[in-house]
Amino acid sequence: MKTFIGSLIAGLLLALPLSAHAGNVTVKGSDTMVILGQRWAEEFMKTTPATKVQVTGGGSGVGLAALQNGTTEIAMSSREIKDAEKQKLRARYNTTGVQIPVAKDGVTFYVNEGNPLTALTVEQLRGIYVGDVTNWKQVGGPDAPIIVYSRENSSGTYVFVKDHVLDGEDYAASAQTLPGTAAVVNAVSKEKNSIGYGGSAYAKGIKELKIKKGNEDIAPSAENIKTGKYPLSRDLYFYLRNKPAGEAKAFIDYALSPEGQAVVTKVGYFPVK
Amino acid sequence: MRLATLLTLCVAPGQVLAQEPPSTPAGEAAPQAPSADTQTPSEPPPADSAPADADLDERMTNAEGKVAALEEQNAETKVDLSALKKLKISGYVQARYQYQQSLDDSGTGGFSRFTVRRGRIKTTYTTDWSQLMLQIDAVPTTGVTVRDAEATLYIPGTHQQMGLTLGQMKWPFGYEAVQSSADREIPERTRVVRAFLPDERDRGVKFAGNFLGGKLNFSGGVFDGDGIFNQGYVGSDNDKEKDAIGRAGFDLGWVSGGVSGWYGHTITKGPTDTYRKAYTRDRLALDAQLYLDVLPIGATAIKGEFITGKSYWKSSGDVKIEQPGVPASGWYGLIVQNVGLTDAVAVRYDFFDPENGRKNSTSEGRPASTNSVGTLAVAVLHYFGEHFKVTAAYEMPVTAAPGAPKDPHDNLFTLQMQARY
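Sequences listed follow chains S and F, in order.
Residue numbering for the first sequence is 1 to 273, as defined by the working numbering.
Residue numbering for the second sequence is 274 to 694, as defined by the working numbering.
Source of the hints: derived by calculation from the structure; they are not laboratory data.
All C-beta atoms, glycine included, are put in the ideal place defined by N, C-alpha and C.
Careful, some of the hints might be misleading.
[As the list claims (entries may be wrong)] With a cut-off of at most 25 Å between alpha-carbon atoms, the simulated DSS-like pairs for lysine-lysine come out as follows:
(1) S/Lys88 - F/Lys443
(2) S/Lys212 - S/Lys226
(3) F/Lys359 - S/Lys82
(4) F/Lys583 - F/Lys515
(5) S/Lys266 - S/Lys226
(6) S/Lys88 - F/Lys488
(7) S/Lys229 - S/Lys273
(8) S/Lys207 - S/Lys266
(9) S/Lys207 - S/Lys226
(10) S/Lys249 - S/Lys266
(11) S/Lys82 - F/Lys587
(12) F/Lys488 - S/Lys82
(13) S/Lys88 - F/Lys358
(14) F/Lys515 - S/Lys88
(15) S/Lys82 - F/Lys358
(16) S/Lys210 - S/Lys190
(17) S/Lys137 - S/Lys212
(18) S/Lys210 - S/Lys137
(19) S/Lys137 - S/Lys88
(20) F/Lys593 - F/Lys542
(21) F/Lys339 - S/Lys190
(22) S/Lys82 - F/Lys443
(23) F/Lys359 - S/Lys88
(24) F/Lys513 - F/Lys395
(25) F/Lys443 - F/Lys395
(26) F/Lys339 - S/Lys192
(27) F/Lys351 - S/Lys190
(28) S/Lys88 - F/Lys395
(29) F/Lys488 - S/Lys243
(30) F/Lys361 - S/Lys82
[What the hints assert, rightly or not] Looking from chain S toward chain F, a few residues come up when the C-beta cut is under 7 Å (computed):
(31) Asn69
(32) Gly70
(33) Ala91
(34) His164
(35) Gly168
(36) Lys243
Could you build all of it, start to finish, from the sequences and the hints given here?
Spelled out as structure tokens, the structure:
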């Protein structure tokens with residue numbers, strides 16, 4: 001029996017595949033980052049045609065879940081990994097994961113161009129999104145009901161706003177969820193009394209609200225976001241199970257290179273280097 | 274064009290016929306040619322366009338109504354789903370084949386058996402400020418038992434980082450006792466943990482919190498102290514003594530660990546006692562975990578824990594007997610090497626000294642129950658996707674032998690298939 005068991009274990013050991021590196025690189029996660037990831041992939045594949053980089057969205061939570069169940073090599077996330085997600089990586093892969101900031105962004109609140117307001121405090125935004133403030137006149141605007149647009153809860157931006165604006169409280173039941181930032185921008189541009197939020201890269205054709213802090217109205221400008229002065233600045237991340245190797249490392253090296261960081265600026269975000 | 278003509282004939286035969294000259298009986302005068310006014314009816318009357326617009330308006334109104342109804346249904350569905358999202362149902366089954374050698378050449382002991390070690394169903398319902406958790410175990414040997422039944426209140430404003438839990442839950446002590454059995458690499462917990470924290474659970478109240486962004490954590494509370502197996506008193510405490518138990522830990526990502534303490538008493542009758550009396554029941558533990566990413570084949574984890582204390586439980590068949598006031602200690606070290614995304618190898622050595630240095634004794638050439646035991650275990654794991662894991666483990670207990678007892682042939686092979694959702 002000893003011989004049998006020894007042989008069985010030896011056989012199982014020999015059967016273990018010694019390499020996990022696939023030929024292609026899969027990148028999945030944050031919808032905020034999906035355009036950025038796709039541009040990086042396009043540019044990277046021009047210089048490295050042998051490597052295929054596949055970029056898909058779905059939200060930060062989806063990307064980090066894919067990282068935990070082994071279906072993506074790189075997860076894009078617009079928020080930091082949660083403790084529970086880290087614990088799952090530990091339990092399954094004996095690693096806490098590798099976090100790589102690849103760009104900076106400021107979560108921007110959008111209103112329709114016809115809205116006379118230019119700035120709101122974080123507390124006013126919280127009031128609107130938890131449902132305490134339902135009419136624009138309550139925050140100095142016209143007498144009109146507020147139509148609130150939000151993101152789906154798999155979105156890192158949704159979580160960021162919940163944590164940093166709503167102070168952990170639930171969104172109002174009346175908030176309408178839309179599947180992507182582009183959809184939020186589109187809805188706000190068409191609906192006069194609406195408000196939405198998303199990454200600054202998408203803020204085209206609508207008005208970006210400044211954040212009122214004390215006597216100052218802080219715009220989500222490049223300088224304010226890079227220095228962290230804008231209160232809703234955040235990093236955008238790549239997450240991996242282990243330290244990058246092979247094609248994944250080459251892709252990340254490109255994203256962090258001067259050329260890759262130039263793409264960040266072109267897309268509308270802000271470089272980390 | 275022909276088709277159009279045919280359709281026109283079929284649809285408006287009356288009109289076509291009306292344009293034909295009426296047949297007249299022979300000899301009757303032919304009717305007069307129609308006037309110019311009567312020759313134009315073949316053109317569509319202006320009024321025809323008005324009904325078309327009305328039809329379009331009606332269709333639009335209907336469509337808008339349908340969209341509004343769908344939006345309403347969607348809103349209702351979202352409200353229903355938002356409640357369902359708070360509910361999480363999970364579970365796992367660990368089914369095994371095990372082979373243990375005969376203890377000696379006479380063929381005593383040993384087994385070859387199929388078992389279902391764990392069959393868990395866990396329900397968790399989490400809101401912003403509370404959580405319900407109920408976990409049951411359903412297996413052929415012990416039937417259905419309640420493992421966890423917890424009611425947690427999250428402290429407002431802490432983003433669920435601090436909470437108070439009342440119910441039946443795991444003792445907040447050490448690392449391995451708290452770790453889920455579904456996540457462990459070696460099928461069973463170490464001897465020292467099984468001796469000091471059998472079944473890992475008790476009824477009590479616990480505070481748990483994370484501080485400094487999760488870098489520090491604390492979990493501690495007051496418990497009955499007798500666990501969930503207390504023979505004759507299952508589910509209730511047989512004395513008024515309560516035990517204070519807790520762990521303070523740190524987590525810096527690649528390294529984590531903690532120190533755990535347990536202070537309490539058990540009222541029981543020792544082997545030489547006439548009446549029941551209070552015995553000290555305490556434990557102290559240190560644990561540490563390292564997560565390294567140095568080898569190209571995958572991550573490496575190194576884990577260790579040391580526990581010392583008094584009044585542990587000794588298993589005697591299916592019965593666990595408390596050893597009042599008896600000091601004991603033990604430790605373990607574990608290395609897990611991931612190989613790619615789907616495989617891992619684990620090696621663990623655990624040591625348990627049941628009477629803290631008391632000289633080992635022998636009985637007819639066999640080790641006595643007071644012998645210290647070291648166990649070397651090797652396991653190979655393969656993950657079939659996210660939900661299925663196969664473990665082949667071989668455990669070799671090595672009994673210390675200062676009195677020259679014979680190390681029994683009790684090596685154990687376990688092949689386990691774990692399915693979870």
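Status of the hints after comparison with the structure:
no., hint, result
1, S/Lys88 - F/Lys443, "19 Å, holds"
2, S/Lys212 - S/Lys226, "18 Å, holds"
3, F/Lys359 - S/Lys82, "17 Å, holds"
4, F/Lys583 - F/Lys515, "16 Å, holds"
5, S/Lys266 - S/Lys226, "15 Å, holds"
6, S/Lys88 - F/Lys488, "17 Å, holds"
7, S/Lys229 - S/Lys273, "17 Å, holds"
8, S/Lys207 - S/Lys266, "20 Å, holds"
9, S/Lys207 - S/Lys226, "21 Å, holds"
10, S/Lys249 - S/Lys266, "23 Å, holds"
11, S/Lys82 - F/Lys587, "39 Å, violated"
12, F/Lys488 - S/Lys82, "13 Å, holds"
13, S/Lys88 - F/Lys358, "19 Å, holds"
14, F/Lys515 - S/Lys88, "34 Å, violated"
15, S/Lys82 - F/Lys358, "18 Å, holds"
16, S/Lys210 - S/Lys190, "21 Å, holds"
17, S/Lys137 - S/Lys212, "17 Å, holds"
18, S/Lys210 - S/Lys137, "18 Å, holds"
19, S/Lys137 - S/Lys88, "46 Å, violated"
20, F/Lys593 - F/Lys542, "15 Å, holds"
21, F/Lys339 - S/Lys190, "21 Å, holds"
22, S/Lys82 - F/Lys443, "23 Å, holds"
23, F/Lys359 - S/Lys88, "19 Å, holds"
24, F/Lys513 - F/Lys395, "31 Å, violated"
25, F/Lys443 - F/Lys395, "14 Å, holds"
26, F/Lys339 - S/Lys192, "24 Å, holds"
27, F/Lys351 - S/Lys190, "24 Å, holds"
28, S/Lys88 - F/Lys395, "17 Å, holds"
29, F/Lys488 - S/Lys243, "22 Å, holds"
30, F/Lys361 - S/Lys82, "18 Å, holds"
31, Asn69, "4 Å, holds"
32, Gly70, "5 Å, holds"
33, Ala91, "4 Å, holds"
34, His164, "11 Å, violated"
35, Gly168, "4 Å, holds"
36, Lys243, "5 Å, holds"
Hint check: violations occur at hints 11, 14, 19, 24 and 34; the rest are consistent with the structure.
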